[in-house]
Each structure stands twice: as C-alpha cells, then as structure tokens.
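Assemble chains B, C and D onto chain A, guided by the hints.
Protein chains: 4
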Amino acid sequence: MNKLKKLKMGMIGGGPGAFIGAIHRNAALMDGLIELTAGVFSSDPLKSKQMGEELMLDPSRVYASYDEMFANELLLPIDERIDIVSIVTPNHVHFDTAKKALELGFHVVLDKPMTLNYTEAKILYKCITESQGLFCLTHTYTGYPMVKQMKQMIQQGAIGTVKKVYVEYPQGWLYRLLEYENKQASWRTDPKRNGEAGCFGDIGTHAFNLAEYVTGLEVVQLCASLDIKVEGRFVDDDGVVLMRFSNGATGVLTASQINTGAENNLKIRVYGDAGGLEWEQELNNSLTVRWPDKPAEVYRAGTSYLGSLAKANTRTPAGHPEGYIEAFANIYRNFARTIYAKRKDEEPVSEWLDFPGATDGIRGMAFIQKVLESNASHQKWIPFSVQLD
Amino acid sequence: MNKLKKLKMGMIGGGPGAFIGAIHRNAALMDGLIELTAGVFSSDPLKSKQMGEELMLDPSRVYASYDEMFANELLLPIDERIDIVSIVTPNHVHFDTAKKALELGFHVVLDKPMTLNYTEAKILYKCITESQGLFCLTHTYTGYPMVKQMKQMIQQGAIGTVKKVYVEYPQGWLYRLLEYENKQASWRTDPKRNGEAGCFGDIGTHAFNLAEYVTGLEVVQLCASLDIKVEGRFVDDDGVVLMRFSNGATGVLTASQINTGAENNLKIRVYGDAGGLEWEQELNNSLTVRWPDKPAEVYRAGTSYLGSLAKANTRTPAGHPEGYIEAFANIYRNFARTIYAKRKDEEPVSEWLDFPGATDGIRGMAFIQKVLESNASHQKWIPFSVQLD
Amino acid sequence: MNKLKKLKMGMIGGGPGAFIGAIHRNAALMDGLIELTAGVFSSDPLKSKQMGEELMLDPSRVYASYDEMFANELLLPIDERIDIVSIVTPNHVHFDTAKKALELGFHVVLDKPMTLNYTEAKILYKCITESQGLFCLTHTYTGYPMVKQMKQMIQQGAIGTVKKVYVEYPQGWLYRLLEYENKQASWRTDPKRNGEAGCFGDIGTHAFNLAEYVTGLEVVQLCASLDIKVEGRFVDDDGVVLMRFSNGATGVLTASQINTGAENNLKIRVYGDAGGLEWEQELNNSLTVRWPDKPAEVYRAGTSYLGSLAKANTRTPAGHPEGYIEAFANIYRNFARTIYAKRKDEEPVSEWLDFPGATDGIRGMAFIQKVLESNASHQKWIPFSVQLD
Amino acid sequence: MNKLKKLKMGMIGGGPGAFIGAIHRNAALMDGLIELTAGVFSSDPLKSKQMGEELMLDPSRVYASYDEMFANELLLPIDERIDIVSIVTPNHVHFDTAKKALELGFHVVLDKPMTLNYTEAKILYKCITESQGLFCLTHTYTGYPMVKQMKQMIQQGAIGTVKKVYVEYPQGWLYRLLEYENKQASWRTDPKRNGEAGCFGDIGTHAFNLAEYVTGLEVVQLCASLDIKVEGRFVDDDGVVLMRFSNGATGVLTASQINTGAENNLKIRVYGDAGGLEWEQELNNSLTVRWPDKPAEVYRAGTSYLGSLAKANTRTPAGHPEGYIEAFANIYRNFARTIYAKRKDEEPVSEWLDFPGATDGIRGMAFIQKVLESNASHQKWIPFSVQLD
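Chains as they are written, first to last, in our numbering: chain A, 28 to 416; chain B, 28 to 416; chain C, 28 to 416; chain D, 28 to 416.
Treat each hint with caution, since some may be false.
Any copy, or any two copies together, can satisfy a pair, since identical chains are not distinguished.
Stated by the list, open to error - BS3-like cross-link-like pairs, simulated, lysine-lysine; straight-line CA separation at most 27 Å:
| id | residue 1 | residue 2 |
| --- | --- | --- |
| 1 | Lys35 | Lys76 |
| 2 | Lys407 | Lys369 |
| 3 | Lys321 | Lys294 |
| 4 | Lys74 | Lys32 |
| 5 | Lys338 | Lys126 |
| 6 | Lys338 | Lys127 |
| 7 | Lys321 | Lys338 |
| 8 | Lys126 | Lys76 |
| 9 | Lys338 | Lys74 |
Keep in mind the hints are simulated off the structure, nothing from the lab.
Chain A extracted, bound-state conformation:
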C-alpha cells in the first residue's frame, strides 16, 4: 500500500539572523505537509552545523555545502532523501543552486527574484521547463487570500474591463546609509549579491508580479525613473515605473526604500469600467470593492461568500486574522499538494496550481532588466516582453 508521507525538505541558506529563512521554515512546517530534514544553512560550515543543531536536525543531514547536500542525499533511499530543495540565500546564489537541484530531479522552492540577472534567468527558465522537478518562486504577496479573491473577481469580470492599476511598495528602512552596519542592508545594496537593481530588484519585482497576477494582464511597455536618494549607495533605492498593459490599461508602480518611517504596506488598486478593487497588506484580510452607484463593500477573509481561490487558501474563520506567514504557507501548501497530486498521478485542482513559478520568475527578471534600460534612456516609453533567446 502506497501511504502518503510528509515531504522532506532541505534548505540552502537561512542561517542565524536570516529573516527570510526562518519565515520559509514557519511557512513550510505550519500545515504538516512538509518536514525540514536537511540543510546547508550558511557558507560557513560551522554556522551551518550550529543552525542544524538549533533546528534539532539529524547532524548527518546538516551539510557544509549544497554540492555535498545534493550528493549525499542522492545516496539515500528514495523515501528517505529530501524531496524539496528550498533556496533562501542572497540572489547571487540562486542560479547555481536551483539549476543543480532541478537537474538532479529535486523539486525547488526559490526565493525571489529568480536570479542575479536576466541572462541567468533565461537559462534557469529553460532548465525548469526541462526538469522533472517542480518549481516554485516565493512571491509571497500573491499567497494572500484576498489577493487571490481580487484576481478571481477580475477574471470573472466583476469590475468589467481593467482600465487602471496602481501598485505601490513603500519601505523606509534604507532611509540612511545602513549598509555598513546591517547585514541585510549590506547584501541588498550590493550589485554583486543582489543584482544591478536595488529597490526594484528587491521589492519592485514584488509589485510588478502582484500587478500582473491580479489583473491577468501583461505589461507591454514601460517608462522607468529610478534614483539613488542616499549618498554613497550603489543601487537605486527609489523609483517609479509607468506601465502599459496588453489590453490598453495603464499602470503606475512606485517602490521605495527611503519612505522614511514606512514599513511594508504593499498596496494595489485596480479600476475597471464597472468597479474598483483595493487591497493593502497592512489590512490583508480585507478587500475593498467599489461601485459607481452603490456602497463600497468590504470582502473579508474566511467568509462564506468568497470565491474558490480565496477559500482554498485560508485556515481560519472570518475575524481571526491570518498574515504574512500564512500567505507564505499558502505557497508551500499549494506546492506540496501539487507534488502529491503528481505522485498519485492525479490532476491537481486548479486552486492548488495557483502558486508563482517559472513564468513569474522570468518576467520579473525581464522587468528588472527593462526598468534599468528605461531608466538609462531619455525616451519615454520602451517595449517590454520576455525573449528567451
């Protein structure tokens, strides 16, 4: 009898003090479908061991390098070895780790953005399409139930034809030159580890992904203007991108890390010719729906009247707020459910397949590339598309 077992995960990155690695673990574990079995948590083998100990892992499954992890795990019987590789390192490590893992047949969860640059992204994209392993990119914000509700309502025509999109991602933590005293700031402003785009590589891509995700539209032209607002910094920390979508709709995307005092209130508003939808992360369990001649409605997570996509991505009844970790966990849970379905040779239900993947990844990297190009140009609009070769 072929009983289901928890999926085993090996993590790359996520050592002491790494914010996003810890979140990945919370998210992966929460729903009881995945267990953390192995890992290489730091490029420093000693730190990796210590982290493994803290996480109460079997010491023989805590590795000094990802090559070692891949090699050793492949020697284990198939039902003991890791199923999923979760990559939560700075961006410059994404490409090699993900590529190797996929080539060896592991399923891969990769933190965004996909790679250090567009060139790497195109290769990795090809690799994903050819791999047996499934691939998932953690654009967290599309994991929120009310973001999914927004997508589904637009898809179903609730607000008519989309005409206008505003997406803003305001942060303030880099309001001064923090890079020499803060580890996060150090790598996220370092072109070698983060990529050529600073703010737009880190959070601009989230905003772009969110806009395309909820509208179901693709950007076809853009006009970007980036700035370095803090003297001594090497990458953009603020900017704006104007967008034209495939259906003629237009959009404005702002992202900043120098909105002093701002935390992380990613916000998106979409207006169609029949209504409008507004969501912001700080009030993530609500979705405001606006109408021309009747009262605005506030849709709430966990309620009976939501669509299938939101419903498949909640855990609590209305009024019991879910948050960032649950949004993250929705990605892991959908990814795990899709893996299970694949194992059982079943078609995953469409709601489970709703997690970000290769296309999100390659489009995000193209976005970074094109934003940098546009920023360097005196011309207002430039075309945008993904070209794989």
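Only chains B, C and D this time, still in chain A's reference frame:
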C-alpha cells in the same frame, strides 16, 4: 468713528444646481465676516433673478450680467457697494470677469484653475500685481488645518530634507460617458469651457498646488502621460506626472476621474531624510507623522500641540471634525482678515496671509500647459518654469 | 408682496472664549437663512459690548441682560425684531431664559441639556407645548447625515428587529483636576451651574438621545453605575448605564471624561436580527452596514443611494467631508425651514421637522434624574419613564 | 550527549471539520519545536483513524479513545512516547482528559474554558498544582505581541494608575437559531457540552482573561446582565458585566454572539491617569497609545522600540503582519521553551513563562459561575473571588 462692517460680496455664477457656488456661499458666510449682497448667478437673467430671490437678496442687487453688476455697484456709496467679487463660473468665464473686477478695484475670489489657458493666465497675473484689489484663488485643500500643519512642520525641518513626494487625486465619477446627461460633466470635459486639459485642469492642478504648498519646493522638471480612457471623450480623464523639485527631491502625481467608485480622497505623502508625513482628505483632521525608530504619531486638528498655522485655521476643539466647507471658509476668512488689516493699514499676521493667490494661479496654469506639452512628447523629461512673457 | 427675509437671531451667552457659542454662530450663519442681529453675550455688560463689537453688530442691539434684550426687541417693528433666541449659556441659565423667550413668542434654540434639573424641565416642557414659538434643542449629533441615514434604515426595517444597542461617549479632557484652571471645566463640574450629574449631564445625555433617536425606541428600564475618578471633583466623570428598551432590546451606554487621551469619538452600534449598523463621529461621513452572509457595506454621505433624510441634510457631494459644524447647521437649517413653512402656513416637509425638541429635552432630563437615582440604589434595574406631574 | 529533540504531541479532539483543532496543529507545528505524533481525533474510532491518515500519522499511534492513547503511549520508551497532550474537544471532555493526562505525568495544553463548570475546575486546579506535568490553557488573545506590549507598558507604569477598562467581544454568527444545522453552534449552545453559560462561557471568558492579563489587576466585584436574544436557545447569547478591580478601577465587559454581521473583533481599551492604550484584534499588529497633551502614538509589532515581552513573541519584521495563528503559536512556543528549560534544569526566561495556565483557568471558571449568579440576582453588585474549597 471708523467701525468695522461686514464685507459685502457679489457673486458671479453659482446658479441653481451649481455645486461649487453653494459651497462658496457656505464658506463665505460661516464666520460672520462676509455677507452676500449682490450677484449675477446665471447667464440666463431669469435664472439669476430666481436664484437671488431664493438667496433672499435685494432684487435691485441681482443682475443680468457681470458688466451690469460692476457698473451699478460702482454707482453706490462706497460703504454700500460690494467689496469682494466671488467668481464661481466655469473656467472660460474666469479671465474676463476677474480682470475687469480687479481693474475696477474690487477684491477678487476666483475659483481654480485661474483661467482657460496659460496665455490668459499671464495677462491676469500681471493685472493682479498691478491692481489695488486683493486676489485669492480657491485651492480649497490648502485650507485644511492639518495640511497647514504639514507645511509648517516641513518648513521647520521636522522631517529633514524632503526627498520624495507622492500626491494622488482619485475620482471615479467620469468612469463612463456622462457628458451628455450631466451638467457638471458637460462643461468639465469641454475644451472650450474647461480648457484643453480635462482631469489635469480640474483636479491635477489641485494635486500640483498641494505638493508645492506643503513642501515649499518648486517643480523644475516633469514627465507626463495622460490618457482618455472613455471612448468619445475629448479631454484627458486619467494620467500621471513625474516631478523633479528644485532641491533634487522627486515626486509622483496621479490624478484620475475613471477610478470607478473612488470619491475624492486626495492624498499626499512627503518623506524627508528624518521622517515622513501623510495626509488624506477623507481623514482630514488627522496627520500621520512617521519616524525611523519610534512609533508613528497621529497629530489631530484642534489640539494644543499644533503649530500656529493649523491653530489659526480651526474652529472646533479636538474630536469635533471640521471638513471641506471649513477648509474653504479658512480661505475666505484669511482673505477677509487680510482685507480688514489692509483697511486699518495694519500688517496682516502671517497666518492670515496663508491663502492661495496669483503665484498659485500662474503656476497652476503653467503646470497644465507643460503637462500637455510633455504628454505630446516622446522625450522623458521636460523643464518646468513660469515665464511671464 | 410678502417676500421672505433672513431670520433674525439674538444670542444669549457665547462671549469671549465660549466654545459652543461660536459654533452656534457658524452653524446658524452658514446656510444664509439666519443672521445674527442682537445678543447678550456675557453676564458682564462690558464683555457683552466687546463681543458685539467683535461680531460687528449694531451696538444698540447688544444688551446687558436678557431681560433688556427681550424688552427692547419687542419695541421694534415686527420685521426688525429678532425672530429666534439662541441660548448657549451654562445650564443653570437655560430655564429662565428659554421660558421667558417662549412666553414672549420668540422661537428658541437651546443648547442641551434642557435645564439644570428635571423639575425645571417639566415646567419648561409645558411652556413649550403652550407657546407660539417653536423650540429646538441642539443635540448636535443627530444632525449628522449618516446618523439620519441610520435612523431611516432602522425605521424602514433594513436590519430587522433591533436587539442590541451600544453607545459610547469617550472623552479624556477631565483626566485630572482641571476645574481650578479651566473655565469650561469649572462650570461643567459645578453642580450649581451644570446640574447634579457631571459627565452624564454633559455627554451622557447626548449618548442617550442618540440611542433613542436612531432606534426609534424608548428606554423603559435602566441600571446605572457612576464614579468620580478624580479626587476632589464634585460630580461624576465616568460611568455606565444598562438599558432595556420598549421592544425588549437591550443597550449599554458608557460615557467618560477620564478616558485619558480620548477626544470625542461618540460611537453607536445597533444590531437587529437581520443586520447591523455602526457609526462613529470621527468617521462621520461613513456608515458601516453589516450583514450575516454578505460583505459589509460602507454607506457614504453625499451619495446617490442614500435615503431622503440624509439627502436633505448634506451640502457637499461624496468625498467632500462635512463635519461637526454642518451637523449643527443642519439643526439650525431645519429649524429655520420649519419657521418659514409656518409663516407661509405650509406644512413643513417631514425631513425638516427632524430636529430635536421638547421631547428630547424632557427625556434627557429624566435620564439624568433616573441615572442618579439608579446609581444611588443597590437594586439592579429601575423603571424609566417621563412623568410630567 | 543529551541532544534536544522535538517535543511529541498527542491530540485529543480535532477531527474532521473541527476548526480549533486544526488551528492548534498549525500553531504547534509552525515553530519546529513540536511534532504531532499521536492522537484520538474523534469519539468515533473510524473518524479518528481517517483523520490520523489524513495527517500522515503512524496508524499505530492513532487511537480509538484517550484511555487507550494514555495506556499505549506509556508503554513506549520515554524518548518515543508523547510529551504533550493537547486537548481540543468540547468543554465537557476537558476535565477527565486533562486530569488523567496530568496524573500520568504528561504536559497538557487545554483549550479554554478549563472545564464544564466551577466544581470540576477546582479539582483540576488542585491536580495541576500537584502534577509533574506542566499545564497551559489556550486563551489565544494574550498571545498577540501587541497585547503583551500593552501588559508590559501598564506594568511599567506608562499610563499611570489604571482607572478604566473597556473590553468588548462582538460576534454575530448566532444571530439566528443555528443550532440544529451547524455542529459548532450545536455544542456551543448545549449546556451539557458547553456549560451553563453560552456566550459568556465561550467568549466572555476570553474578554475577562484579557482584561485581567493586560492590567495585572483582579476583579473583586461584578454586576452581570445576560440575555437569550434568540428564541428557542438554551443559553445566553449576549450580555454585559460591570467590574470593579482590586485597585478601585472599574470596567465594562460586553460579549455577544448576536451582533449580526460582527465577526470577531475583540477589543480592549485601558485608561490610566497618565495615558490610554487601545488594541483590537482586527488590527492586531498595532497598539494605539494616547496621551493627554501630545499626539497619539501607534506602536507596531516587529519594531525596534518594543519591550521584551512583545519582542520575544514575534517572528516577522515590522509591516509583515502576524495574526491569530501566530498568537496561538506563541502560547505553544513559550510552553515548549518552558518544557525544554525544565528538562535542562534551567530557569525559563520570564518572557517564556508568559502563557496562560491554571490561575487563568480557575479564575475564568469562577467568572462564569459568578456571572450566572449575578445575572440571577436583583442586587447590583456581588463580590468576586476564587475560593478553592
């Protein structure tokens, strides 16, 4: 003995169903400094008479044309004739009325934008500077106490050097082709009555004025992209303007009349290198102040801790909300106080002088002009300045 | 021909520094139906004169006492004398002024609560019912358009049978012994000028009035518990009243002046067996409507979908916030319209008649009386009703 | 060497469709300190098996009864058997399961309220104090970081002496007779399974616990008034409790399940003589701090300026909202850390010990008992205390 008397006001425009005329009257009357004495309320003499009757005016002071009003009032003894002409017509009537009134020595309150186009504005500007009459332009939103608090805090360095400005003016009422069934929509989308710019002439100028007002900075370059989103419309109903300010700060200004379901929630956020300020009209009695390493603060109208500018522009104690009409009334009250001071040959206190005037007017019209120019250009940035000849 | 003229108002109280007097003037003047013609603004004749001068009144109409005002005004021709007496003094002056004014045939606007005590109230109530003059009591909060919408929706059965009412009135300004340094605090905590109930006389009555107004129900039993939280104070500054309504619904009313830092956010929530309604003064232009199995709706002032009562009590389109002064002005405007209708021997439209009057006044004073009785009793519930003899 | 291992948990209850059981599992698993190893998920052995299978448990660890679970687990080697028993059944099963588990030396996590009635509670309380096992009661809401911040600020005197407490727990889901069609409604309104108090047993106790937790004060007198608002129901579904605290402060506690349309927005406000604190669950990552003469502050979860208690109970940086499951997980994580400390014979840090336990349990059951007593009495106030015999 030279006793003070209420200032007498004659109104041009503001007939039956004209929203903004009624607001001007509420605002002018509220504080007991001004009385409505005369008027020509419609280009249709009969309607003007009817309106005058409804307003319980002396029928002999209700006129069929503004020329008639000017002529007749000037025949009256100086302490009986009107002191102030309030012009609340569609834009194409602003120039001639204001110019004549000023040339005849009346004080003028003019609804925004100043004129139909930049050419007229330059002439009127010169006329204002040469007139005995005082001039006031009703950019209402700078009348809000917490907007004034924002200005004063920035002026006093509370948030350090301004780095970033976001201003947005979302409306949704023109989400469909309303111009053939709604009087307001009809003239506001008619280039001949409203000017070449639709949305940006009507509300874009408000947003621009607000941004320059609160920051005390001037825009020196801009990049605009406007759209007509509703088929059959003759003027822009949506757009975005990127701005560069005199001190190197940058800004994003969005305005729309097709954000379906949006009402009128004008919002401005300004970030300096020491803190941030956020205000929105729907919550007009609050001002959010953000800091890098301590809790955000919510400043409230009517409190003891506000600066002199906010304090001089409130009527109620904290927790007794003032609104749009009071913001409007602040402009009228400051204008009236300045007139009184002038009469008494006294220097008005600086807080009273804080009402929008000729410079706001000419800059607003230059903004409209440059936005249209930029929109027509393939070049990203164009310079912005006011040139009087 | 009998043309309409503005109604002439004489004010009693409202001298220098008196908050509520100035608000009454703003409210009365705003809509152009009433003019301030006369007044006795202080018990100190010199101060009264100075205030009259500041208000630019004819000095011969500024009086040293209300008896003088009544006598002199009655000597004037009927179309010159005051029509309305507006009484904005501390509570201990309400009874004699209002009674005399009504007996002399003036219309009376009286600030709440009606009188110093229940005994006076019963006499004044009788006097009102017998007078030619119309009477209006400024329970401001029922003047808000969205409060009126709430009333009308309940009346029309939108939320089914009312089951539960919560009303809260939190203030913090008396969090310490302010009475020896602040004029407002001094009389509002003085049993001789304010009445035996402090907080419950001042703001508890507003909350009670609001609850009965919006529900259309009457309290029939109550259970009160009051406290003096600040040592050295002579009257209650905090408390709670449990209520049972005529239809079996129950309610909780809290009021406090020692909720340190709280401003004035009067809030009411009413739940029926089909839906719920929630309103708070800080967000006075919104009304939240809750339903069991569909999204909450946010009704907004100035919109097309509101009922007749809200519509008759707004001035601005949606998104242009009105506030406290407009709520106040709604009372004055409705009162004035009713007076005009009476003069023209017409039936006032029902929306104009929706202002607080004698019944609100007598019930409010009975509330104060019964709350004090209940507070002194060990018994949980006591009956509540108005008994005129 | 004695390496740490994950704590093993056996669950009682939490079968198919049981909301709170699933939440317990999310919360227990999230932080990687606890694994679900065994369980009896339903009183129906078949359903229990199915649930175990769905949870991918070893079938030999899925039991038909809790007696069987206890017996079998005790036969296992100590490092394989369960460490923690998590009880998530309806209330009438709490007593016997918890008592037996504790007597057998297991650590116990028990869902609130502690037992079916006060008599059981007193026995269980004694049992807890005598047991080797540690005990934890999941009053979830005290797990929120900003609730803990509130507690710590009050403890440190930030708002001076506490004078007033308002706590409200509004729900609407039982607005009609749902008990014959909804499983949750069925047992929660059944005196035999839920206890004599309905709403006040279910959510009133949460509100009571929260009030005592954040203030650090004990209720010493109360006055309760409960109602059955829906015909045909057997237990209270709405009510109010007035409270007097040990230091003379007073409080108002409202709880309802018939606030039609209300979800679950538990809210608490505490005012001292120097400031005020306000928290509500819908905005759980914020804490509003009010001051008499300066702007209100909004403290935010995940920031640098918070106290040790909040900091020890978050996972994400500011602006990445945590929610209900994380609040729940904080209880499990603190409980687990305390168990680990005990095992290592170390003193747990005080922040870990901050989870609800036996005292919360017994006081909660006394609250239910006294509320029922007071409700049945005509006397206004009755004394409140816990008496163990």
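> Of the numbered hints stated previously, which ones are contradicted by the structure, given in increasing order?
Replying inline: Checked against the structure, the hints that fail are numbers 2, 5, 6, while the rest are satisfied.
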